[in-house]
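All chains, please: the whole structure from these sequences, using the hints.
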Amino acid sequence: MSISGFTLIRSKLLLPSQTNLLHRPRMCDLIARGLERKLTLVSAPAGYGKTSALVDFAQHTPTRVCWYTADERDRDLSVFIAYLVGAIDEQFPGFAERLHSTLDSLSGNLFHDPTGAVGALVNEMLEIDTSFAIVMDNYEALDTVSNIRTFVHRLIQVLPANCHLMLGSRVLPDVPITHLVAKRQLVGLTDQDLRFDPNEIQELLRLSQIEVSENQAEAIVANSEGWITGILLLADLLREETRAILLDGGKATAKTYDYLASEVLNRQPPDIQHFLRTSAVLREMSPRLCREVLQIKEPHALLAEVERRNLFITRFGQGGAATYRYHNLFRDFLHEQLRQSNPTRYAELHLRAARQFEQDGGVEETVHHYLAAESYPDAIVLMERVAMEWFTRGRVEALLRWAEALPEEVRVQAPRLSLYQSRALTDRYAYEQARQALAHAETGFTAQEDTTLSALVHDQRAALALFEGRYEDAIAEAQTALEMLDQGEVAKRAGAQRLIGRAYVGLGRLAEGVAQMQDALALLRLVGDPYMVVNLLRDLVLPLTAQGHLDEAATCLSEALVIGRRLGGQTLLAGVLNDLGCLNYDRGEYRQALTLYEEGLAAARRGSDLRHQTYISVGM
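So that you can map any letter, position 469 of the sequence shown is 469 in the working numbering, and since no number is skipped, the others follow by simple counting.
The hints are all genuine.
Derived Cβ-Cβ restraints for the label pairs, each shown as a range:
| # | residue 1 | residue 2 | range |
| --- | --- | --- | --- |
| 1 | Val410 | Pro269 | 35 to 43 angstroms |
| 2 | Glu559 | Arg385 | 36 to 44 angstroms |
| 3 | Asp129 | Val410 | 49 to 57 angstroms |
Below, in silico cross-link-like pairs of lysine to aspartate or glutamate (EDC-like), each with a Cα-Cα straight-line distance of 16 angstroms or less:
| # | residue 1 | residue 2 |
| --- | --- | --- |
| 4 | Lys492 | Asp519 |
| 5 | Lys492 | Asp529 |
| 6 | Lys183 | Glu36 |
| 7 | Lys297 | Asp271 |
Hints in this document: simulated from the structure, not taken from any laboratory. Every residue gets a Cβ at the ideal spot worked out from N, C-alpha and C, and that includes glycine.
In structure tokens form, the structure reads like this:
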């Protein structure tokens, strides 16, 4: 499935199929009670059975459940939205197709207006004529990304009555808990709720052909501290050893995981041990990948045997299309075992995986495996090829992750990646880190003798100087960029002139600043970039107002408002309306100013834009 030019990994949208999953009516009832509210949080550390509880509920509820298993590859907002839409499309085919053109038109502005797609998404949800739930599992992988948090906050605010959201997370996610509790719109489950009681322990062990008394089950509960992964590991040990491991005070807690996992691994036949260690290089397995990467002739049989032995593996899908994943803790353990025991084989398998994914066209998995194999030249070739495109599409989290993964000594070999890393860090006000990344970019472009890209280094250095108030430096750097750029590089030249204009305004040389920005505006009109045109029109307001040219300033903002309404981004619209309200206030047109402020405040609220809500409230 492809949404907004991004190919989704469909297994992440399928309900996991877990061997020997115990049906827990008590937990299902707890989860079901929240369906009349907006949000259910299932929050507990790794291994407490969050996913199992949600899968159990999904398998036994009459409510349609849209499933999405998140991971670190989804930390860019555009990718997150694509998967969210894809999850709904799995249950309601045609949903993604109806949103396709809307999402494409909004994708370029998601960085500046993270909530721009919420309205279109919710409006399409309202067309679904039945109640449904959306489960986002492993949400902790996304919760630290600010624009995803902003998007989810807004989605929760306007979630339609026919939809319920469930978040499974290792940590308590950053959602408006106090507000939701006050409105009775939140149900929360923690590790205390997920803990197995003695009756459930007896039933769980019975699935593994192990019988224990009620008193013994109570001892297991006490010793495991409710940690279901520990219970399952020890259940495997009990097949060959006495119950004393559990009953005589042995602890099955997360702190002892590696020891327990080693015991389980060492009890497997040699061929299974070998398969477990080597297959852990793959974040997701399929028979085809096992055959191509691990060079296993009969992978179906081995995967079936691992599943039969209940070795912390989850299957997604059926038949030849089935894919598999280990539990994160177990995979991390196996992966580290291979790295320590056979580093040569570890690198070889990751390199084979990279070659296979590159042949399949999977950029992110290819880079991941090249980095794991420490095959940095191969990784850099691919990073450099996609850096500009991914930055433009808002895939900055992936770019930053790649840049951090490269050793310091090879970063100069990836100058494009370093340039866009610098731009992303500048947007986050991390100026010193941005400067360091820019130094790598400059060294690399100089070695390549690439004048155009070297000009962009000076342009970015001008932006840094401008943001830090070093206006003379900003002008000098931007002038250097202009001198290096060909006349045909219209958009790049407009960007440099805009920086010069803003720097002149910072120095109080208003007429020169306005002239430079107007020249830049004329160039941008030729290129047809509406977002940059709006930004430049807003830039012009301050110096024009300071010069007393209020009518000209109003004309700029009126044009910006027309473009802003057409683009539909709420953050952009709120900013323009705030500027217009302020201008009308300065002109003494208080009633019109209030009308504009009210409309701007409504736009800011729709976009969950707290910054503009604050600015506009002060202005009112």
